[in-house]
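Chemist: Sequence:
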Amino acid sequence: MEVRLDGRSALITGGSLGLGKAMALKFAESGADVAIIARRQDVLDEARKEIEAVSRNKVIAEACDVTDAAAVERLVDRVNGEFGKIDILVNNAGSSMRGKFEEVTDEMWHADFDLKLFAAIRLIRLVFPAMKERRWGRIINVLNIGAKAPLPGSAPTSVTRAAGMAMSKVLAGEGAPYNVLVNALCTGLLVSDQHVRRYKQNPDGLTFEQWLEKAGKGIPLGRFGEAEEFANIACFLASDAGSYITGTAINVDGGRSPVV
Numbered sequence: 000m001e002v003r004l005d006g007r008s009a010l011i012t013g014g015s016l017g018l019g020k021a022m023a024l025k026f027a028e029s030g031a032d033v034a035i036i037a038r039r040q041d042v043l044d045e046a047r048k049e050i051e052a053v054s055r056n057k058v059i060a061e062a063c064d065v066t067d068a069a070a071v072e073r074l075v076d077r078v079n080g081e082f083g084k085i086d087i088l089v090n091n092a093g094s095s096m097r098g099k100f101e102e103v104t105d106e107m108w109h110a111d112f113d114l115k116l117f118a119a120i121r122l123i124r125l126v127f128p129a130m131k132e133r134r135w136g137r138i139i140n141v142l143n144i145g146a147k148a149p150l151p152g153s154a155p156t157s158v159t160r161a162a163g164m165a166m167s168k169v170l171a172g173e174g175a176p177y178n179v180l181v182n183a184l185c186t187g188l189l190v191s192d193q194h195v196r197r198y199k200q201n202p203d204g205l206t207f208e209q210w211l212e213k214a215g216k217g218i219p220l221g222r223f224g225e226a227e228e229f230a231n232i233a234c235f236l237a238s239d240a241g242s243y244i245t246g247t248a249i250n251v252d253g254g255r256s257p258v259v
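All residue numbers for the sequence shown refer to numbering that gives the first Met the number 0, where the first residue is 0 and numbers rise by one.
Any given hint might turn out to be false.
Unchecked claim - Pairs of lysine to aspartate or glutamate residues, derived as DMTMM-like cross-links and limited to a Cα-Cα distance of at most 20 Å, are as follows:
| # | residue 1 | residue 2 |
| --- | --- | --- |
| 1 | Lys213 | Asp239 |
| 2 | Lys84 | Glu49 |
| 3 | Lys57 | Glu132 |
| 4 | Lys48 | Glu72 |
| 5 | Lys84 | Glu72 |
| 6 | Lys131 | Glu28 |
| 7 | Lys84 | Glu61 |
| 8 | Lys147 | Asp192 |
In short, the hints are calculated from the structure, not lab data. These numbers come from a predicted model, not from an experiment.
Required output: the full structure, derived from the provided sequences and hints.
Modeler: Spelled out as C-alpha cells, the structure:
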C-alpha cells in the first residue's frame, strides 16, 4: 500500500529535529507541502535543506515560540497565506520535564502545561474551524506512553501528556461529523537528540550505539525505535488511508507500555 499526501499541507511543531523532522521528511516525500516550526532558526534552516532535497513542494521553516499566542497566530496566518490551507496539524513540541512530585514547582507545572498542552490548544483552535468547513482534517498529538501508564517521578510530563490524550478524545468526537480526525501517538524509547544528550551526560565508557543497545534491552522488541518508524505511522494517520481511525492513542514503543 502506497501512502500519499498529494495536495495536502501540513504544519509540524518541534519540526527541526528528531521525530518532528522525520515526520516532515516523510510527509514531504509523500507529496505534501510542509511547514516546520521550532525555536532556533539556524537548526530549522538545516532541516529545511534536508526536506527540500526530497520534495518538489513548498517548504516553510520559521522560528516560533509556541507558548506565545500572538506569535502562533501570526505563524498560522503566514502558513495559510503560503499554502492556502492547513490540512494536517502535528503537535510535537515538547520536552521531558520530570522530578519528584514535592520538588516540582508551580513554575515548572505552568511551563510544562504551556509548552505541551496550551500550545496545542492554541494551534488547534486556529486550524479546526477551517478543517471543519472543508470537511477534511487531520490532527496528531504526539504524547508518550506515560500518558497511559505514569511512573513515580514522572510529573509534570506524564500529567500533561495525559491531559493531551483526554483532549484528543474530546476533539475526535467534535471533529468526526466533519471528517476531521484526531489521534494521539504515544512514544516509547526512540532514537532522538534527547537521548544523545542523555548519553553525553553519562556515557559509561560506551559508544552511543553500545549505549543504545544496552538501554534497549528492556524493551520487548529489544531495541530503540527509529524516528522514521514513528514517521511512518504518523503519515498513515495523516493520509486518506487512515480515514476510519479517530479518537485513538496508539503506542509506538516496541511493546514497552503495560497498557494497550
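Chemist: Take the hints in turn and mark each one as holding or not.
Modeler: So, going through the hints one by one against the coordinates:
no.	hint	verdict
1	Lys213 to Asp239	violated (39 Å)
2	Lys84 to Glu49	violated (23 Å)
3	Lys57 to Glu132	violated (23 Å)
4	Lys48 to Glu72	violated (25 Å)
5	Lys84 to Glu72	holds (14 Å)
6	Lys131 to Glu28	violated (26 Å)
7	Lys84 to Glu61	holds (17 Å)
8	Lys147 to Asp192	violated (24 Å)
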